[in-house]
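There are 6 protein chains.
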Amino acid sequence: MPEVIVYALQGRTLDQKRGLVKDITEAVMKNFGAGKDDVTIQIVECPRTDKAKGGVLFSER
Amino acid sequence: MPEVIVYALQGRTLDQKRGLVKDITEAVMKNFGAGKDDVTIQIVECPRTDKAKGGVLFSER
Amino acid sequence: MPEVIVYALQGRTLDQKRGLVKDITEAVMKNFGAGKDDVTIQIVECPRTDKAKGGVLFSER
Amino acid sequence: MPEVIVYALQGRTLDQKRGLVKDITEAVMKNFGAGKDDVTIQIVECPRTDKAKGGVLFSER
Amino acid sequence: MPEVIVYALQGRTLDQKRGLVKDITEAVMKNFGAGKDDVTIQIVECPRTDKAKGGVLFSER
Amino acid sequence: MPEVIVYALQGRTLDQKRGLVKDITEAVMKNFGAGKDDVTIQIVECPRTDKAKGGVLFSER
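Residue numbers (our numbering), protein chains in the order written: chain R, 1 to 61; chain E, 1 to 61; chain W, 1 to 61; chain B, 1 to 61; chain Y, 1 to 61; chain G, 1 to 61.
If you're looking for bench data, these hints aren't it; they were derived computationally from the structure. One thing to keep in mind: the hints can contain errors.
Intra- or inter-copy, both count: the list cannot distinguish identical chains.
Taking lysine to aspartate or glutamate and the DMTMM-like style, the derived pairs with C-alpha atoms no more than 20 Å apart in a straight line are [claimed, not checked]:
id	residue 1	residue 2
1	Lys-53	Asp-37
2	Lys-36	Asp-23
3	Lys-53	Asp-38
4	Lys-53	Asp-23
Work out the full structure, taking the sequences as your base and the hints as a guide.
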């Protein structure tokens, strides 16, 4: 309410993740009027072999 | 038909997962009239560093 | 915590949806030990022209 | 890279959506080091009959 | 098994959708060895006001 | 634009993944008129204990 899913490559640090969820939560509160505890975020990470852009896996770009 | 995705923190046992998919499948069959084999469920787990509520990672709550 | 997404064809009644979310919520509480208010569910519906099985749109099956 | 999906109830204005995608994009750029044009966001809205918390549809809360 | 979700802007014709699901299904069968009827695909469409790239809604690009 | 998510069991080889993303990307370009670099695909894999069909986990089928 809302739920946010972030599809990303593996490799971000804990600091990066801490910052991301803090800032996205504030973005949802500010713009959508959501209560702080109503915002849930899950980062769905994958290895570079499991994601592609332009038809090429990130492990081979 | 339908497909169900469950976004959850890591750490549930095999017994918990077995029970969850059995009960959700029955819920979809009973309420939506789906055939048993038409219900697929995937649990998308993540570590506590990759999920947040209220702007704070579960690893730090 | 967990968040459940149900991808389904349009056309279910309000009664069907009411029953589905009640039963899935109970399944998550019972099996995953989640608190009642921690379970959120969103049904993502689409017309029969937007979903396929076996390579054929449901509007043409 | 990353792709962000926001599952939300219908009813936000264009201004709210414009602000949300701007702020989430900046959050991803700042924290994950993503290029601006590499951030895509889709808001997946649904009517209040299609979303539930605590086992109760938002249309009945 | 697998389930494929395609997040896209509204506006494609029935012919475009018919071709897409046929070709994606064949891609999954050929590369992942899936049975034809085991491949389900849902296209999750949204209006141009609900999707953004580079922090700008498609309705304003 | 579009973003494609493939929910699948673990265990495919790099060759299988390379082929899948190449073919799905071509399917999206051909049918939806997308630019090559506008197509992103993420494969969301899980162990056989985390996915079910017909109410039974794949680890127990």
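For each hint, the structure was consulted:
{"no.": "1", "hint": "Lys-53 x Asp-37", "result": "between (34 Å within a copy, 6 Å between copies)"}
{"no.": "2", "hint": "Lys-36 x Asp-23", "result": "both (12 Å within a copy, 16 Å between copies)"}
{"no.": "3", "hint": "Lys-53 x Asp-38", "result": "between (32 Å within a copy, 7 Å between copies)"}
{"no.": "4", "hint": "Lys-53 x Asp-23", "result": "between (26 Å within a copy, 12 Å between copies)"}
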